[in-house]
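Engineer: The listed protein sequences derive, respectively, from chains V and L.
If you read the first sequence in our numbering, its first letter stands for residue 1, the second for the next number, and so on.
If you read the second sequence in our numbering, its first letter stands for residue 1, the second for the next number, and so on.
These aren't lab readings, by the way, just hints derived from the structure by calculation.
Here a beta-carbon is modelled for each residue, glycine too, at the ideal position from N, C-alpha and C.
Incorrect hints may appear among the rest.
Sample of chain V residues facing chain L (criterion: CB under 10 Å; computed from the structure) [said to hold, decoys possible]:
id : residue
1  : 24
2  : 33
3  : 35
4  : 39
5  : 53
6  : 54
7  : 61
8  : 63
9  : 75
10 : 81
If you want the building blocks of each chain, they are given just below.
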Amino acid sequence: MKLEEVRRILDGEVVSGSKSLDIEVAMACGADLMSDVLAFIKQDALLITGLTNPQVVRTAEMVDVKAICFVRGKRPGQETITMAQKKSIPLLLTHLPMFEACGRLYKNGLPGCSEAE
Amino acid sequence: MGKDDGFGRVQELSYELKVGEVMTTTVITVAPDNRVGDLRELFRANKMSGTPVVAGDRLVGIISIEDFIKCLADGEMDCPVRMRMTEKVEVLYADEPVVHAIHKFDRRGFGRFPVLDRKTGHLVGILSKGDIIKGLLKKLEIDYHEEEIHHYRASHIFEDILADKTAIRLKYDVRGKDFENAGASASALKKTLSRLGFHPQVIRRVAIATYEAEMNIVVFTPKGQMLADIHPDHIEVKAVDKGPGIPDIERALVPGFSTAPEWVRELGFGAGMGLSNIQKSSDKMVLKSKVGKGTDLRMTFFLYR
Ligand SMILES: Nc1ncnc2c1ncn2[C@@H]1O[C@H](COP(=O)(O)OP(=O)(O)OP(=O)(O)O)[C@@H](O)[C@H]1O
Ligand SMILES: [Mg+2]
Numbered sequence: 001m002k003l004e005e006v007r008r009i010l011d012g013e014v015v016s017g018s019k020s021l022d023i024e025v026a027m028a029c030g031a032d033l034m035s036d037v038l039a040f041i042k043q044d045a046l047l048i049t050g051l052t053n054p055q056v057v058r059t060a061e062m063v064d065v066k067a068i069c070f071v072r073g074k075r076p077g078q079e080t081i082t083m084a085q086k087k088s089i090p091l092l093l094t095h096l097p098m099f100e101a102c103g104r105l106y107k108n109g110l111p112g113c114s115e116a117e
Numbered sequence: 001m002g003k004d005d006g007f008g009r010v011q012e013l014s015y016e017l018k019v020g021e022v023m024t025t026t027v028i029t030v031a032p033d034n035r036v037g038d039l040r041e042l043f044r045a046n047k048m049s050g051t052p053v054v055a056g057d058r059l060v061g062i063i064s065i066e067d068f069i070k071c072l073a074d075g076e077m078d079c080p081v082r083m084r085m086t087e088k089v090e091v092l093y094a095d096e097p098v099v100h101a102i103h104k105f106d107r108r109g110f111g112r113f114p115v116l117d118r119k120t121g122h123l124v125g126i127l128s129k130g131d132i133i134k135g136l137l138k139k140l141e142i143d144y145h146e147e148e149i150h151h152y153r154a155s156h157i158f159e160d161i162l163a164d165k166t167a168i169r170l171k172y173d174v175r176g177k178d179f180e181n182a183g184a185s186a187s188a189l190k191k192t193l194s195r196l197g198f199h200p201q202v203i204r205r206v207a208i209a210t211y212e213a214e215m216n217i218v219v220f221t222p223k224g225q226m227l228a229d230i231h232p233d234h235i236e237v238k239a240v241d242k243g244p245g246i247p248d249i250e251r252a253l254v255p256g257f258s259t260a261p262e263w264v265r266e267l268g269f270g271a272g273m274g275l276s277n278i279q280k281s282s283d284k285m286v287l288k289s290k291v292g293k294g295t296d297l298r299m300t301f302f303l304y305r
């Protein structure tokens with residue numbers, strides 16, 4: 001699924017990396033625990049999270065996350081944005097809560113990390 | 001954070017350069033049905049000591065000057081190559097790093113190895129020690145003369161690489177409670193491994209484990225160090241600190257056990273999953289700790305499992 005479509009489905013906005021909206025994410029993972037992200041996420045995934053600190057970007061970098069979407073309208077600080085730009089990881093923001101954000105994407109055909117190839 | 005002195009450019013290049021980049025691509029081959037007697041002129045004209053035997057695109061054997069001489073002694077020059085060749089051939093793959101080839105030359109004592117494409121299995125080239133030296137010198141932008149390759153430089157470069165079994169050592173300092181830089185060591189190591197051409201699957205396992213280990217140093221200790229030793233067939237990472245130590249290691253290893261304070265949990269850490277993630281991502285993990293002295297965590301990753 002293209003990032004632009006993710007944004008549309010979630011009524012979201014682009015926080016940074018607007019030039020990368022045509023990249024593809026193969027699956028998604030919703031998590032607020034960084035160790036869970038490290039344990040379960042696969043390559044080329046979209047990370048959906050309620051955390052906005054810079055460690056989220058660092059964690060994403062470790063497992064080659066393609067893009068990050070923050071839920072509940074929580075806007076990341078400049079430090080997080082700068083780090084994401086340095087690592088070329090686009091950031092999205094949606095006002096939906098975690099469950100609904102995940103549910104909408106899943107309903108629209110984006111698989112979870114345990115299902116994807 | 002920084003590199004140890006042992007991080008030589010030649011060592012680095014021996015990982016970066018792939019066999020396919022330095023091999024000779026015009027390979028003189030013979031067919032299984034050729035006469036052994038015909039090899040005399042071939043070997044002489046091309047100054048070769050052996051040649052691959054190929055049927056179609058497939059490598060089926062190798063025949064050397066020794067095989068030829070034995071055949072000559074037996075007076076069987078009309079015998080087909082097929083009957084005299086060695087069928088079990090030691091090969092290299094084009095996508096292997098040059099450092100593998102160097103170790104293989106050392107172990108086997110052969111003069112050259114046929115090079116295959118890993119996907120198709122087809123013969124794509126042949127590699128001699130001279131090819132490796134030439135490739136390295138070219139990359140180092142050193143001017144050289146052919147004769148130097150055969151004398152001084154060849155042995156010098158090979159011995160350098162072989163002597164230092166820990167071809168590359170990287171060292172990073174980690175500061176406790178410094179969340180701004182937390183993960184920087186794991187990130188730098190990950191970048192270096194990609195640049196050296198390691199397989200993405202290996203890089204991923206190393207990245208996850210070293211990041212978890214680094215975060216533990218940041219969260220639970222005042223300071224520590226990450227030491228990564230890159231060997232030709234495995235990577236070893238040590239995470240050491242002089243922090244409070246772990247009173248009950250068995251308990252610390254239980255998934256879900258955590259003593260992380262609230263402010264760490266708010267950042268998304270403290271699920272008590274770190275050590276079990278490390279166990280899962282590495283091939284071997286040894287955790288030693290003394291209360292009041294510090295913790296020593298060793299992780300080993302094999303490149304070929
Ligand atoms: N280097 C260390 N020094 C002191 N204690 C440690 C160290 N590493 C781990 N521990 C102890 O072991 C426990 C388990 O560590 P582990 O990494 O598995 O989980 P965590 O760090 O608490 O949470 P997570 O890794 O999921 O964020 C820690 O809560 C801590 O009590
Ligand atoms: Mg931990």
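Engineer: Each hint needs a verdict: does it hold in this structure or not?
Structural biologist: Evaluation of the provided hints:
1. 24: Hint violated; residue 24 of chain V Cβ to chain L Cβ min 17 Å, cut 10 Å.
2. 33: OK, holds: residue 33 of chain V within 10 Å of chain L, min 4 Å.
3. 35: Since chain L brings a Cβ to about 3 Å from residue 35 of chain V, closer than 10 Å, the hint holds.
4. 39: OK, holds: residue 39 of chain V within 10 Å of chain L, min 5 Å.
5. 53: With a closest approach of 5 Å, the residue 53 of chain V hint holds.
6. 54: holds, 7 Å
7. 61: Nearest chain L Cβ about 6 Å off; hint holds.
8. 63: At about 7 Å, which falls below the 10 Å cut-off, the nearest Cβ of chain L leaves the hint on residue 63 of chain V intact, so it holds.
9. 75: This hint is violated: residue 75 of chain V lies away from chain L, its Cβ roughly 17 Å from the closest one there, beyond 10 Å.
10. 81: violated, 14 Å
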